[in-house]
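K.L.:
Chains as they are written, first to last, in my numbering: chain Y, 1 to 113; chain G, 1001 to 1111.
All the given hints hold, so there is nothing to weed out.
Quick partial rundown of chain G residues pointing at chain Y, CB under 8 Å, derived from the structure: (1) Tyr1031; (2) Gly1040; (3) Met1041; (4) Leu1043; (5) Leu1045; (6) Tyr1048; (7) Phe1090; (8) Arg1094; (9) Tyr1098; (10) Gly1099; (11) Tyr1100; (12) Gly1103; (13) Ser1104; (14) Gly1105.
Over 12 Å on every C-beta distance to chain Y, these chain G residues come out as not near it, computed from the model: (15) Leu1013; (16) Met1027; (17) Tyr1064; (18) Glu1072.
To be clear, the hints were calculated from the coordinates, so they are not data collected in a lab.
Model, not experiment: these values are computed from the prediction.
Each residue gets a CB set at the ideal place from its N, CA and C atoms; glycine is no exception.
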Amino acid sequence: ELKVEQNPLFLSMQEGKNYTIYCNYSTTSDRLYWYRQDPGKSLESLFVLLSNGAVKQEGRLMASLDTKARLSTLHITAAVHDLSATYFCAVEPSGGSNYKLTFGKGTLLTVNP
Amino acid sequence: NAGVTQTPKFRILKIGQSMTLQCTQDMNHNYMYWYRQDPGMGLKLIYYSVGAGITDKGEVPNGYNVSRSTTEDFPLRLELAAPSQTSVYFCASRSGNYGYTFGSGTRLTVV
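Hey, can you work out the whole structure from these sequences and the hints?
P.N.:
Here is the structure:
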């Protein structure tokens, strides 16, 4: 059974600071997804990481994937209040057409002025 | 394109009642999914479908049923609603280039 662990689950940051959210998973996977969710809203796709060593950046967010370590990171640079949200990683297992996502519990990020 | 459309957005059910959550996608995706989201627990897969006429259980299928008679529609049926089914339900579909599209969600309360 695929398990996905995120940490931290709660993160309170000051504006302008940097921080990293970690996503570990338990079985082989080449495909990892990061989503953002605002309160009462649906999931917004941030990044899709499809291979070992993949790195993607959008604004103040950068995601990377190390399939050998079964680890993905979401790095936040110079945080601003607008980044306050819950961030989820989700993993799609390798092999065949086993297309279904297993989610981490999410990281609630609060950016304080 | 409307993407993935879920109805209703909100619903209150009494214990023992039944209801169907509707999900429609207009992107011709073969794969469709139902997830539930409970506070602090992430999303858990209830059922999924790899195409019309084919469905399979996810991690938490008990108390739910699905059908997939067309590519577009993937309704989720709750029989004999229980308080434990109070949750937010998301329908999703998957494209061939790895992208998932989520609906706006249905907030269900069972009292």
